[in-house]
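Model the full assembly from the supplied sequences, consistent with the hints where possible.
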Amino acid sequence: MDKAKKPETKMVPVPSTNLVPERDVDKLPVLEARNLGIEFGGLTALAGFNMAIGRTEIAGLIGPNGAGKTTVFNLLTKVYQPTHGTILLDGRDTNNMTTVQINKAGIARTFQNIRLFSNLSVEDNVKLGLHNNINYGMWNGILRLPAYWKGERRAHEQAMELLSIFDMQDLAGNRAGSLPYGAQRRLEIVRALATKPLLLLLDEPAAGMNPSETAELMENIVKIRDTLQIAIILIEHDMNLVMGICEGICVLNFGKIIAKGTPREIRNNPQVIEAYLGKKRED
Amino acid sequence: MKIMGKASRSKVITYGFVIAAFVIVQLLKSSGNISSSLQGQLVPICAYVVMAISLNLTVGVLGELSLGHAGFMSVGAFTGVVACISLESIIPFTILRMTVSIIIGAFSAGVAGTLIGIPVLRLEGDYLAIVTLAFGEIIKNITNCLYVGVDKAGLHVNFLTDATSLNLSEGGRVIIDGPMGISGITKLSTFTMGFALIMVTLFIVLNLIDSRSGRAIMALRDNRIAAESVGIHVTKYKLMAFATSAALAGAAGTLYAMNYSTIIASKFGFNTSILILVFVVLGGLGNIRGSIIAATVLTILPEMLRQFNNYRMVIYAIVLILIMLATNDDNLKGFLSNLRNRLLPSNLRKGKKGAENG
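Chains A and B, in that order, give the protein sequences.
Heads up, the first sequence is in this note's numbering, so the first residue is 263 and it goes up one at a time.
Heads up, the second sequence is in this note's numbering, so the first residue is 536 and it goes up one at a time.
With a straight-line cut-off of 30 Å between C-alpha atoms, the simulated DSBU-like cross-links for lysine-lysine are:
(1) LYS458/A / LYS366/A
(2) LYS458/A / LYS541/B
(3) LYS541/B / LYS771/B
(4) LYS771/B / LYS412/A
(5) LYS722/B / LYS564/B
(6) LYS522/A / LYS458/A
(7) LYS802/B / LYS722/B
(8) LYS458/A / LYS771/B
(9) LYS541/B / LYS412/A
(10) LYS518/A / LYS366/A
(11) LYS802/B / LYS564/B
(12) LYS771/B / LYS366/A
(13) LYS412/A / LYS458/A
(14) LYS518/A / LYS541/A
(15) LYS722/B / LYS687/B
Hints are computed from structural coordinates only; laboratory data are not their basis.
Shown next, in the form of structure tokens:
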């Protein structure tokens, strides 16, 4: 059944139901999810998820708690293998890829509950993001051969450059676990960017941040997109952030997409309002 | 001082500490101020220090509990001694023969570590600990049933039979005699060799930790899911740490075995694995310097308690418990760090932060 559908989607690279911004429409979408779904036992956590993301798009994924937003991220990064559907990353089928391969292919992510290497320094956390970009082997490291010195110098320079996105160079020597909450979230983003992704997935980047920190984060997300020319999908409950920077928004509820559109369309969509606030009682 | 990072300063302290200890012991030895029982302990102490450092790589740095570390020591001990005996005529120069034997011991233990690591490292936490325990016992029991002899034709290996079925030609020699182990070893290990092995181990472990591979290993310890999300291959780095740790244990095994005239498989059982784990836990997980101190102190301690005769091990156990309580006591820790802050000038104190991995 799927096979019959494929040629049709190839002719129209970005189906009209998707929210790719105009500047990206003619280009191959960085990510395309087709009929994505997963079941845990008998429970359908996500079904019929279709989405295409433009190469420099900032997209939002919103919905009430338990709607399946993080599940989408876990499927895209192959923490779970989807039971239905396909994911095309930069036009390549990601079927049977592992989390590690997905990262090498170009998806980096942050986590809802921060997952830093908390006993290591801030700089080492970023250097771990650079792991596959700075290549020297174990013996080069043990014997301190020239490749080690060259690799470490490059890693240090690149790590500092990445940390400067959030003005965090001064924190480089601190233990990651000792940073304040907001800084830990920012470090996670820096670490993800260090893997040089095509697509960055941010899982509640503004959680636990105060309004001024959130405003700064919004600017920085846009800045990251503009300077690195990458696509970003973010899950967020802070509607100011979502409505402020997302070009396309996808609303999930009970594992299904209930609406897709621009921020303005989503704001006025009755189904979305119902999902968030409930139905008006008819007296 | 500015050029050195925190990590390298901590390394220099660790190397300096070991060299200083070596020099002091050598001075005491030459002036005759060291008891004969302690002199006999010097090589075992070196072997245990290497064992503790190598186990710390698995338990402290990789963060996986291994209860079969003595098994790798056993592999190193037996292959090392077999190599040393069979190379007797080829390499007459003892230090070189010993070095070659240690390398062979380390290599074979490393291979054993890799083979065992492939299935074992798929497990996590308690399960991994139990399976490593099982493999440690398997290695012990295999060596118990192993018969190895050497003659002009080379090595003869037999399993589950007896020494006579090795069919050695005239002038041949049985090396491993099943449960009787190896007897008639010429003691070749010296304290200086032990010191050299500690330095090599430190060089390998400290440089590994402070490199790209070491960072990846520590990342797996801190957060496996995050490590995968930044593209770090879990199995590869787990195996790297486990095999390196096993190889170093093998080297320690050869050093240890070549210090005795007889060596049997049951010496490297569960008790030895636990003993080394105690060194690592007491010294502090991931704290290499702590492992060195703990291994030294806890190897000397039973000897010093000899005057208590039958109550020796009871007192040893009580001392262990007291040390555990003391090192986990927050008040005491606070008191010590206050003391340190007051006594040390502030420019020296900065280096303390990086002590974690050195």
